[in-house]
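Undergrad: With these hints in hand, go ahead and build the complete structure from the sequences.
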Amino acid sequence: MSSSSNTAAEETLLTPELLANIGRQDAPRRELVTRREIRKYAIATGNRQQRYLDGDVAPPMFHVPLFWDVVTMEELSPDGVFIDKLLPKFPLEKAMAGGLEIEYLKPVHPGDWLTATRTLTDIYEKRGRSGPLIFYELVMEIRNDEGELVIREKTTRILR
Amino acid sequence: MTTATANREFRTGDALPGFTRSCDEIQLFLYNAVLYNAHRIHFDYPYATEVEGYPGLVVAGPLLGDWLHQCVEEWLDGDGDLERISYSNRGAAYVGDALHVGGEVTAVDEAAGTAALTLWVRNDAGDTLVPGEATVRLGAGGAP
Chain U
891 MSSSSNTAAE ETLLTPELLA NIGRQDAPRR ELVTRREIRK YAIATGNRQQ
941 RYLDGDVAPP MFHVPLFWDV VTMEELSPDG VFIDKLLPKF PLEKAMAGGL
991 EIEYLKPVHP GDWLTATRTL TDIYEKRGRS GPLIFYELVM EIRNDEGELV
1041 IREKTTRILR
Chain W
11 MTTATANREF RTGDALPGFT RSCDEIQLFL YNAVLYNAHR IHFDYPYATE
61 VEGYPGLVVA GPLLGDWLHQ CVEEWLDGDG DLERISYSNR GAAYVGDALH
111 VGGEVTAVDE AAGTAALTLW VRNDAGDTLV PGEATVRLGA GGAP
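Top line first, the protein sequences correspond to chains U and W.
Oh and the first sequence: position 55 is 945 in this note's numbering, straight run, nothing missing.
Oh and the second sequence: position 42 is 52 in this note's numbering, straight run, nothing missing.
Quick caveat, the hints were computed from the structure, so don't treat them as lab data.
Where is the CB? At the ideal position from N, CA and C, for every residue including glycine.
Hints are not guaranteed to be accurate.
[Stated by the list, open to error] Partner residues are not named here, just some residues of chain W that face chain U (Cβ under 10 Å, in silico):
{"hint": "1", "residue": "29"}
{"hint": "2", "residue": "41"}
{"hint": "3", "residue": "46"}
{"hint": "4", "residue": "48"}
{"hint": "5", "residue": "50"}
{"hint": "6", "residue": "59"}
{"hint": "7", "residue": "61"}
{"hint": "8", "residue": "71"}
{"hint": "9", "residue": "76"}
{"hint": "10", "residue": "83"}
{"hint": "11", "residue": "105"}
{"hint": "12", "residue": "128"}
{"hint": "13", "residue": "142"}
[To be verified] Derived coverage of chain W by chain U (criterion: at least 3 residues anywhere in the stretch with Cβ under 8 Å from a Cβ of chain U; other residues may be distant):
{"hint": "14", "region": "30–40"}
{"hint": "15", "region": "116–123"}
TA: Structure below.
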């Protein structure tokens, strides 16, 4: 590396070892949709549509509780959070607001078995006003037992 | 542009009626119980305020995302389907805050039979805590 003044701007926090995690997947998780869980979710979110309150069909975002990690208490940190094992250790750790993009392709009903697979699809870096930012993207694909895509969710998170 | 379904006409600039709500301790408890989410900032007031420095218990981010979905679906009222949504939790909301959930039609694609929406959750200070965008397919249909 030269000692020119623009060297700092070209430095990257993203080592080849870190970038090698792109494409990593966790084990698929298969869960059963039940009327009881749909009703609990619809009530807790303040939903006002009877078909959801009755549990006849799942409201959008029902996949969030369905695939939330169920882990032992020993796996929770003191603030009650589960450390996501799909993610590598990043050189920046302070999480900033991220975003979510969700596509809904098929309805979800009680009795459906759904399988979610998460993939770490991207890691990239940008330079913010106060220093470097690391972005990563996680895609969760949810399929039914026929293999059809039901929901696709992309989460983007920012670390500083 | 406008497009008509069997029952409705959709126009660029149409406002979604939306709603104003606040999340209380009971709703926040039930929501996190359904998720199996034990994050202390949602139920441990001394921890949230003294350790994390928040002014109160923090409303769960995905609950606000859910409210954007409800805003869209209540407006559609069966005359269309939510196909795609994106949102970002930019600012925190706290238990008891009045939260204003709304949106507007930004484009109507008559040929495709879709409309684009902009969405938001705002607090009383006028901060947009959760900006969002959505695409809806117009006309009574299947999913979800």
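Undergrad: To test your reading of the hints: which numbers does this structure violate?
TA: 6, 11, 12 and 15
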